[in-house]
Amino acid sequence: TQLLEQSPQFLSIQEGENLTVYCNSSSVFSSLQWYRQEPGEGPVLLVTVVTGGEVKKLKRLTFQFGDARKDSSLHITAAQPGDTGLYLCAGSNAGGTSYGKLTFGQGTILTVHP
Amino acid sequence: GAGVSQSPSNKVTEKGKDVELRCDPISGHTALYWYRQSLGQGLEFLIYFQGNSAPDKSGLPSDRFSAERTGGSVSTLTIQRTQQEDSAVYLCASSALAGVADTQYFGPGTRLTVL
Numbered sequence: 804t805q806l807l808e809q810s811p812q813f814l815s816i817q818e819g820e821n822l823t824v825y826c827n828s829s830s831v832f833s834s835l836q837w838y839r840q841e842p843g844e845g846p847v848l849l850v851t852v853v854t855g856g857e858v859k860k861l862k863r864l865t866f867q868f869g870d871a872r873k874d875s876s877l878h879i880t881a882a883q884p885g886d887t888g889l890y891l892c893a894g895s896n897a898g899g900t901s902y903g904k905l906t907f908g909q910g911t912i913l914t915v916h917p
Numbered sequence: 002g003a004g005v006s007q008s009p010s011n012k013v014t015e016k017g018k019d020v021e022l023r024c025d026p027i028s029g030h031t032a033l034y035w036y037r038q039s040l041g042q043g044l045e046f047l048i049y050f051q052g053n054s055a056p057d058k059s060g061l062p063s064d065r066f067s068a069e070r071t072g073g074s075v076s077t078l079t080i081q082r083t084q085q086e087d088s089a090v091y092l093c094a095s096s097a098l099a100g101v102a103d104t105q106y107f108g109p110g111t112r113l114t115v116l
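So the sequence lines, in the order shown, correspond to chains A and B. For the first sequence, my numbering begins at 804 and goes up steadily by one. For the second sequence, my numbering begins at 2 and goes up steadily by one.
If you are wondering where the hints come from, they were derived from the structure by calculation, not from laboratory data. Watch out, some of these pointers could steer you wrong.
Derived DMTMM-like pairs: lysine to aspartate or glutamate, alpha-carbon spacing no greater than 20 Å straight-line [claimed, not checked]:
1) B:12 - A:844
2) B:12 - B:25
3) A:860 - A:874
4) A:862 - A:820
5) A:859 - A:844
6) A:860 - B:64
7) A:860 - A:844
8) B:12 - B:103
9) A:859 - B:103
Start from the sequences and build out the full structure, keeping to the hints where you can.
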């Protein structure tokens, strides 16, 4: 069974601070996705990384996939109250009957105080 | 509709009753997934449908859980003889294909409470 360990579970910071969320596994994934979920809604995809060492930027968010494709990080620069939410990492693997099935981390609840 | 829809949005039931949860995927999407999100937990995979292939049921927690997808579109997740530990948000997602980089679009979920 593949597992994704996400940390920290909770993060409470002031507006303007930087933060990093980590997602680690002992297993290799074909791709790693990051989602953001608001209360009462389903997760919304932020980014997909598929190549070891890949770095993607989305405005103030920077996503990195580890060289060995076992870990990933999400870095937010100058956090804003609008960044508040639940952030989830999810891994996927090719092949077999579960192609595309996502294995999720436990999530990080981020609160950014004005 | 433009996105994945689920019904009902909330369901309160008594222990031992059966419930049915419905998912309408995005039109044309061949892959459909069910996940469960419990309080304080990440999403847990339940079942996956891809076209006419046999579904991957490996995530269903017990034989009280079953799901079907009719006509390659609408899906129903059925929980028989509900237990309190079944209380969770049940999320459905669909994607155009089932590749590792294909975006899964999630519905808003059905919040199930078993009393």
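These are the hints, each one checked on the structure:
For the given pair, residue 12 of chain B sits about 16 Å from residue 844 of chain A by alpha-carbon distance, which is consistent with the 20 Å threshold. For a cut-off of 20 Å, the pair hint linking residue 12 of chain B to residue 25 of chain B stands: about 17 Å separates their Cα positions. Note on residue 860 of chain A and residue 874 of chain A: the hinted pairing holds, with a Cα-Cα distance of about 17 Å set against a maximum of 20 Å. Straight-line distance between C-alpha atoms of residue 862 of chain A and residue 820 of chain A comes to about 15 Å, which keeps the hinted pair within the 20 Å bound.
Only pairs whose Cα atoms come within 20 Å are accepted, and residue 859 of chain A paired with residue 844 of chain A is rejected, the gap being roughly 25 Å. Of the supplied pair hints, the one linking residue 860 of chain A and residue 64 of chain B is violated, its CA atoms being roughly 43 Å apart against a limit of 20 Å. With a C-alpha separation of about 24 Å, the suggested pair residue 860 of chain A and residue 844 of chain A falls outside the 20 Å cut-off, and the hint is violated. For the suggested pair residue 12 of chain B and residue 103 of chain B, the alpha carbons sit about 31 Å apart, so the restraint of at most 20 Å is broken.
A distance of roughly 17 Å separates the Cα atoms of residue 859 of chain A and residue 103 of chain B; the hinted pair therefore holds under the 20 Å criterion.
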